[in-house]
Structure formats: structure tokens, C-alpha cells
Amino acid sequence: MPTLTIDSRQISVPGNTKVIDAAERLGIMIPRFCYHPALGAVGACRVCAVNVKEGPMTGIQMSCMLDAGDGMVISTHDKDAVDFRMAVIEWLMMNHPHDCPVCDEGGHCLLQDMTVSGGHGMRRYPGPKRTHQDQYLGPLVQHEMNRCIQCYRCVRYYREYTGYKDLGVLGIGSRVYFGRTGDGRLESPFAGNLIDICPTGVFTDKPARFKGRKWDFERAATVCTHCSLGCSTITSSRYREIIRQEAGISPDTNDCFICDRGRYGFGYANLPDRPRQYRVNGNPCSRQTAWAKALDLLDTTANTNNPSTVALLVSARCTLETLVTAKHLCHRKGWHGPVWDAPSGNDIKSRNALDALAPELVATMKDVRESDFILAIGTDPVNEAPVLTLALRQAQRNGAHITVIDPRPVSLPFDFEHLPTSPEEMGDQLAAIVCAALGGTDLSHLSPAGKAFYDDLVLRNAAATVPDEIVVALKKSRHPVIVCGTHMVNEDLPVLAGECARMINQPERSAGLFYVLPGANGFGAAMFTETHTNAGLLLDKIKSNDIKTLIAIEPEGCAHVHSSPAMAGILKSLDCLLVMDYLESPLSRAADVFIPTATVFESGGIFINQNGTGRSMQPLYMGGTPIFQTGRTGPPPRLFESDIPGAEHVPAWLPLADWMGLSLSPDNSKRRLEILKYTIENEPWLSALPISGDTGETGIKLRIPNRRLNEFASLPHTRNNAGNSNSPEISLYTVEQTFGTELLSSGSPALDEVIPQIRAAMHPADAEFLNLADGENLTLVLDENHELPCNVKIETDMAQGFIFIPRRPDLPWPVPGFAPIPLHPDQIRREKGDLR
Amino acid sequence: MTEIQQKNISILTAITAIGQGFATTFKHLFRKPITEQYPEEKRELPARSRARIVLTRDPDGRERCVACYLCSAVCPVSCISMQSAEKPDGRRYAAWFRINFGRCIYCGLCEEACPTSAIQLTPDFENCRRDILTLVYEKEDLQVDHGGKDAAYNFYEYAGVATDEGPKGSHEKESPPVNVRSNMP
Chain A
0 MPTLTIDSRQ
10 ISVPGNTKVI
20 DAAERLGIMI
30 PRFCYHPALG
40 AVGACRVCAV
50 NVKEGPMTGI
60 QMSCMLDAGD
70 GMVISTHDKD
80 AVDFRMAVIE
90 WLMMNHPHDC
100 PVCDEGGHCL
110 LQDMTVSGGH
120 GMRRYPGPKR
130 THQDQYLGPL
140 VQHEMNRCIQ
150 CYRCVRYYRE
160 YTGYKDLGVL
170 GIGSRVYFGR
180 TGDGRLESPF
190 AGNLIDICPT
200 GVFTDKPARF
210 KGRKWDFERA
220 ATVCTHCSLG
230 CSTITSSRYR
240 EIIRQEAGIS
250 PDTNDCFICD
260 RGRYGFGYAN
270 LPDRPRQYRV
280 NGNPCSRQTA
290 WAKALDLLDT
300 TANTNNPSTV
310 ALLVSARCTL
320 ETLVTAKHLC
330 HRKGWHGPVW
340 DAPSGNDIKS
350 RNALDALAPE
360 LVATMKDVRE
370 SDFILAIGTD
380 PVNEAPVLTL
390 ALRQAQRNGA
400 HITVIDPRPV
410 SLPFDFEHLP
420 TSPEEMGDQL
430 AAIVCAALGG
440 TDLSHLSPAG
450 KAFYDDLVLR
460 NAAATVPDEI
470 VVALKKSRHP
480 VIVCGTHMVN
490 EDLPVLAGEC
500 ARMINQPERS
510 AGLFYVLPGA
520 NGFGAAMFTE
530 THTNAGLLLD
540 KIKSNDIKTL
550 IAIEPEGCAH
560 VHSSPAMAGI
570 LKSLDCLLVM
580 DYLESPLSRA
590 ADVFIPTATV
600 FESGGIFINQ
610 NGTGRSMQPL
620 YMGGTPIFQT
630 GRTGPPPRLF
640 ESDIPGAEHV
650 PAWLPLADWM
660 GLSLSPDNSK
670 RRLEILKYTI
680 ENEPWLSALP
690 ISGDTGETGI
700 KLRIPNRRLN
710 EFASLPHTRN
720 NAGNSNSPEI
730 SLYTVEQTFG
740 TELLSSGSPA
750 LDEVIPQIRA
760 AMHPADAEFL
770 NLADGENLTL
780 VLDENHELPC
790 NVKIETDMAQ
800 GFIFIPRRPD
810 LPWPVPGFAP
820 IPLHPDQIRR
830 EKGDLR
Chain B
0 MTEIQQKNIS
10 ILTAITAIGQ
20 GFATTFKHLF
30 RKPITEQYPE
40 EKRELPARSR
50 ARIVLTRDPD
60 GRERCVACYL
70 CSAVCPVSCI
80 SMQSAEKPDG
90 RRYAAWFRIN
100 FGRCIYCGLC
110 EEACPTSAIQ
120 LTPDFENCRR
130 DILTLVYEKE
140 DLQVDHGGKD
150 AAYNFYEYAG
160 VATDEGPKGS
170 HEKESPPVNV
180 RSNMP
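If you read the protein sequences in the order shown, they are chains A and B.
Using numbering that gives the first Met the number 0, the letters of the first sequence correspond one by one to residues 0 to 835.
Using numbering that gives the first Met the number 0, the letters of the second sequence correspond one by one to residues 0 to 184.
To be clear, the hints were calculated from the coordinates, so they are not data collected in a lab.
There may be inaccurate statements among the hints.
To give an idea of the chain B side of the interface with chain A (calculated C-beta under 10 Å), a few residues [claimed, not checked]: (1) S48; (2) R97; (3) K138; (4) Q142; (5) E171; (6) N178.
The C-beta atom is built at its ideal place from N, Cα and C for all residues, glycine as well.
Throw the hints in and build the complete structure from the sequences for me.
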């Protein structure tokens, strides 16, 4: 712990701390451009100069390159240092254009801040300025190369941190240029971070171009709700419209970066066709009418029928408050549910995953970044949880061995081992790797159940062979992490992965376990929904008239299946359909009573991410129809009005609390705290959450109630039916994609252009068998009513016997919950005519 | 000095003072009056006096305001609001611009902050209304067809961004764009 003096104040810092960081701990912000905590120091910009008065080397030095040493005396405001920095800024400004008024970075520009605070006000150099041509970098990032100050942050981030290669540095000397070799969309789904990382306005937010200045925005720290990782974000809104989103800083989750799905996925909150009015039988009405009608319908059902004919459907995009209120409402009223509306089987897999998530194994993204061996099984990180890719990349940069076992064509921006395996065989491969790595280890400390589990592993081991280097890497590793998905896996795989993690967790090797769950609040949904039922069973019950009333709260899967005629028929047999949502869907249009709910930006709420960290979000703005949609493109109305148009929405928990008879305050902010208190008090394992609702920057780690008391699970000894391998059938699976499959972000207009065309990925052998060429158009006949036109994409790096298509919310799918469909070759047709 | 002497002096002072006063009065009786009969007679105010705000145009007659939000940020009474947008030619402009003169204190900070010389205060101070809403000026009410006090300035000549004013490298004090593919020193 060296102790040094900075500006006459002493501080002790851990070894290897740079002086710039030590000063920051004291609250002294030394100017910097090239230095960034996630990228490290290169000493390129020379603006962090300080004067070292006492130390191994005295005089002007760069604080980002200088390790804090014991007994150093450093001055940041010494005249020499100040003059040096002022001169550096003057050089940097020599070619900087005079375009701050028309630059979107203006107002949160590091260069502006440093220029002003550095004291450089007047330009002395009268010569001409260097100019650069700009490039088209796609619909999300705007390029303006004149503003560059050559700090190299962009390429260090893009090439080193994320591993993508299509943005680089070109030219030499004073002609250095940061861009692509030619115009074109940036390939990385993390390109949006260039906007945050550029200290000036070379890369700016294109969808938010010219929409406002930082000081005019209502800004708040938010949690990203586009996957289960729960990254930190900062959201800005103005005139009742969400304008932009930036990455927040959270060391345990996203570090400093987010993916483009999270950055630009907020558009659903601004949509002109977002339902903002109460509706009864499709006709707009007042809140009182709808409220009374809903109560009336529920009373009638409760009186005439059994209360168990009422079902409540929730999803992973509901806040924790909504889920808990829904659970208690169902229990109190004797209703069926709450049922988790998740894609087929994902609910059971998620519950299995949480059962196996032992507290000592829980890995955060930080643990993933710092691990030395990662086995990702049944997950496609870029598409299911994009920011996880960045965590894997950091581990890989530090020398970790990364293996992905998944049938899909997984593509990651770095070197990794991919074993394309069918879901049935993934468990065997995992068992084989773990068995081989544990071979020769003393396992006498294991309990009988543990030994039985090991025997089971050995049994499974025989079924697969795995490359030796994976086993060697696992044997050598000290911090291995098993990452397990919950979509492209069998029901028992999350348990197997969890137990394998426990198996390899030994005194000399601390293992981690990291699940990827479906949806932002998949953890909460798995904990608070009824275990013995799911969306598919619910539909069966509706079909068999066991359920007559359905209350759907922000549904996910059901809403889309309704686009099929079969589903429409099922819903017709309901007596009453109540829908609460902030998205328009076939389900919401069919509702008898529709209640518009608030988005997380309007209501705030708590989300539990995939490792059990509760993160709360304060409301960002009041909501209401954006000013630009209030009927005119011109200025806002000239007269004051007391109520906000289109702001009738309520948080989804409010009607539930009302039906339950909770008396809540009419005041919005008080009510929010009351429901939070109710949530925390009624669920003992949430008691770590603060009643104030402020979970801070990093969130609160919740102690997961361990349902199995640290005992190994027993697994089925035989693997699931793998099907007849000689059968000509091909399984058609829907898979997640970075853009276009996640429900909320797929409605965001900013992402329209980056959503790829629907392509059916298939193995070359399958394509050869079907006589199809890459890029060929074909039609998949799902059943007699459903046909899906798409385009062949031959992928060598995937399992044989599968076709993968993106799970678009509007995909016509005949079975509920996007369950996979076995296709006979006859069901695969060329655009014109049959295949053969 | 005796008491009588003192009394005489004070009487003398009083008489002199009265005399001087009357003299001034008499002088002014025969002078031309300086009162101007406002509003019948109106005086020409200096160009830099601060009253009603206008949005001026550049020498080509195009609107100067780029909606950078600096005037609204600096306004101490928050009477300026606007929305920036982009024209097809790449110029940034104000989709709408509103000044509430009912609130404006004519401090001139907006004019000082304006980087394009668009917003300017004029000597036109006669701005009284019975209906306060008529004091809320929209962009159409604010725009004038001249350059005001800084007629020659054209922001886009200096900004360095590519617009219909010219591509990169064609503006004042700019080198032609760098050829990144050249290896010449």
C-alpha cells in the first residue's frame, strides 16, 4: 500500500495504482483523453501531465503512465503542469473544427470541458485546418472525422476490447484516420459504445442526432431490460420522449459498455401506435369505466364460476413488484397462476437452473471477465446476452480457454473452441469434459449423492469424446466458470451444469456458475410464478374450458401466437380477456378490457438479473404522448394544461393491488414505496432489498433460497430420446438474434435497418441432402395453415439435422411458445415448386 | 466674528442662492424644451440598446439559427425554448423556436452566447400587450430578413461541416481533405 501526497493531501492506494486513479480517489480529476479505466493507459494525449516534486523521477510526468509510489509528492496545479496541459490542449485544438454549435457531443464533450478548464480560450494559430472525409458507418453511429484528437480510444476499444476488426486506424503522421476501409455498417453489435468512449464528437448517436442537449434532458440511471444480464444504463428523455441511452458503469455487470440492442432498444416507449388509452371491447373509454368493467367482469366470474377458472399470465418483462403482487393476488383469490408466459420449456429450464444455483458458485460478469477457463454450454452469447460476449472476450484476452458447446452457428469476435452438438448430446460432452478433468482427483469427501452423481457422469462420459486441450485447460484452471443457457438445452442440462460446477469447485479451484435466463426479470418470474403450469398447459386448459377468464399482464409468447388462426380460436372460447400492456399486440386488440400500463421508464421498478442481483430503477419521466405526436409537428401548445395527454397508464401492479384490496396512497411516488414495502415484507428472501427502493450502483445481491440444501441432484441415467439418427426429419428451431427477436427492442424504429433478413441456417450436409444452395429462397411449410418464406444460409459451424431461424415476435408459428417443429423434407420447398 | 456679522453673511448667502435659483428658472423659461413628446415623437435609439429579440439571416438570406440550445441554456429566466432538427442539405436548424417576452428581462445574455450571431436584441422596446399570450413569440414572429448588427457573418463558412455551403475542405481556412491512402510524407 504505497502512500503518496497529491496536492498536499495524503492517500494510501493498492500497489499498481496509477497516479491518475489515486488522484481520482481524492476527488481530484486530472484531465485525460486517452486514459479510460476499461482500456488502460497508453500515454498518447499528454494531457494528464502532473509535476512530480519528490519521487524516483521528478518533473513533468504523465499521471496515467506513472505508478503510485511510496513517498511521492505530486502537484496537479503546479504552474509548470498547468502550462504544459494548456499547451497540449492548444495543439489538440489546432485542427479541431469550429462546429460545436452543430455538434451533438456539445454539452457532454470531454474536449470542451478540458479546453475550458485548461484555460485555452483564443486561437492563436492563423493557419488552415486539416480536414477529413467522413464515412457512412450505418444507421446507428454518425462519423465526423474532423473533430478527432487522435487519442486512439476508439480503435483500442473496438479492436482490443471487443475483438472486432472492421474499424481501424489508417494513414500516417498527421493524416491518421479512424474508420473503416470503406463506407459500410459497423459489424460489431457493440459499436454504439464508440459514442460513449470518444472524448469528442467523432462518433455520435445517429438516431438521437440533433434532438437536444444533455442539460435539457431528464436523465436517470436505469437498468437495461433487453436481456437477463441487467446492465446499467443512463436514459435521457425530453418532451415526453426517450431520446437516447448511454452505458452506465457497473463493475459487477457490464463494466462500462452495453450492446446496441440495449442502447437503441428503447423505441417501444415512444411508438406512435403505443396503446395509451383504456379500452372496453376495443372502444376507447375513461379509466373509471374500464376499471369498473374489469371489476364487474371479475366479480361475475368469481360468483358464477369457480375462482380457479380465472388465470393470470405474467412474463419476464414484468417488474418484481408486479410479479409479487400477482402471486399474492392469485393465492388470495384462488386464481390459477401466475403463469409465466415464456417460450416453450424455458420456464422449467430456468427454474431448474435456479435450483442448481448454489450461493457459493454464483458468478458475476466480473468473475467471467477474470476467469481462466470458460465452458459455455447451450448458449449463443452474442445473440442471447450480447454483453456476455465482451466479458468472455476480456477473459480470452487474459489467456482464458473458451469453449462453446451449442448446436447453433456461434460466432464470437475472438478465438474459441466450438463443439456443434445437438441439445441431446450436450450433457454427455459436459460430463465427458468434467469426468476427464476430475480423473485422478480424490473424491472421497463427496456425499453418497455426490458419488452417485459422479457415477452418473462417468456413465454419460462414455457417450462422447471431447478434445484433449479442453480437459487440459480445465485441469490447469484456477477460476473456471460454466456458462449455461436456458433455451437451446434439455430440461436437465441446467441442473447438470450446476452440479458439474459444484463438482469442479475444489479447494484449489474456485468454480463459478453463470446462467443465461430468458427475459429481463427471468429470475423473478421463475421464483414467483406457479411451478406446475406453463403457457402451453394454460392454452390447453382454455381449450378444454377449464379457464374462462384470462388476465394477461405484459405477456410475451402468447401475444404472438395469437396471430395464428388456431390461437385466435382458442381465445374466442374465453368468457373474458383482460390485457394490461404497453405494447400493441394481437392479444391486446382482442381484449375485452385493456388497461395501458407504464413502461419501466415511467413506473420504475426492480429487476433481478440472472445471478440474483436486484437492481432498482427510479421513474425517469411521467410519460404521456410525446409532444411530437400530439397532432402537430410545430411548437408545443401555447396554453398550460394541468393534465398530460396520453398519460393515463398505470404501473401494472396497481390494478392488481386494487383487486387485492390493498389501500395505496393516491400519490405516485408514495404509492411506489408502499408497493415496494409490500413486496419486500411479503417475500422473506427479498428482505435484503432496501425499503427506500435505492439499490445503489451495483445492486443488492439476494440470497437465493436454496431449495435442495446443498445436496447433489440425481439425474436421469439415460439421456433423453435423441431421435432416430437415420430419420430424414430436420428439427426447425427458433433462436434468438442480437437484433429483431427480443420483443421490446424489435419494436424500436432505430434498429429497423440492422435487423437482418430471415435466413434459415443449415449444415452443408443437410443442404446437400435437400439439394439447396446458399442464398436460395425457400418456403418452410410448418403446417397446412402456416408457411414461412426464407433464405438459405449454409453454416459449416453448426450441428447437423437442424434448421435455425430467428424467433421474430411476428413469426407465424403454429405451436404455442415457439416449440421446435420436426420438418419432413417434403415440407421444405423451393420458392417455386418442390425440391425434388 | 460677532453674532451680527454672522447673521449678515447667512442672509447674504440666502439671497444669493434665491437669486441663482431664479436665474436658472429664468434661463430655462426662454430655452427650447428638451422633453420629447413620446409617443408623438420617437427618438432613434442606439443600435446596441437591448429590447425585442429577433432571429437574423446570413448574407445569403438563409436562417442563421442552428438550434444549438446555448441561448436557452444561458437564459436566466428560461424564456427561450426550441427544437433542433436537420434539413436534407445537412444544415441544423430550429424546427420551432419560441421566446416568451412576458418573461424576458432583456439581459442580452442570449445574444452574447449565440455562436452564429442569429439571435440579436433590437432597439424596439415598445412591446406592451393586454393579452399576455400575444407576448409568446414563435419562430415566424421572430425571424427578420437581414443580418442585424453582424451582417457579414456566415457560420457555415467557418464550421467545417459539409453542407450545401460546400464539401469538406472548401470553407474558410481549411486545407483540402486528407488522402489517407497516400504514403507520401
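Evaluation of the provided hints:
Residue-level restraint check for S48(B) is violated (minimum Cβ-Cβ distance to chain A is 26 Å; threshold 10 Å). Satisfaction of the interface hint for R97(B) is found here, the shortest Cβ-Cβ separation to chain A being roughly 5 Å, below the 10 Å cut-off. Evaluation of the K138(B) hint against chain A yields a held restraint, the C-beta minimum of about 8 Å falling below 10 Å. With its C-beta approaching chain A no nearer than about 14 Å, Q142(B) sits outside the 10 Å limit, and its interface hint is violated.
The interface hint given for E171(B) is met, as the beta carbon of that residue sits about 9 Å from the closest beta carbon of chain A, less than 10 Å. Hint on N178(B) holds. Least Cβ distance to chain A is approximately 8 Å, under the 10 Å limit.
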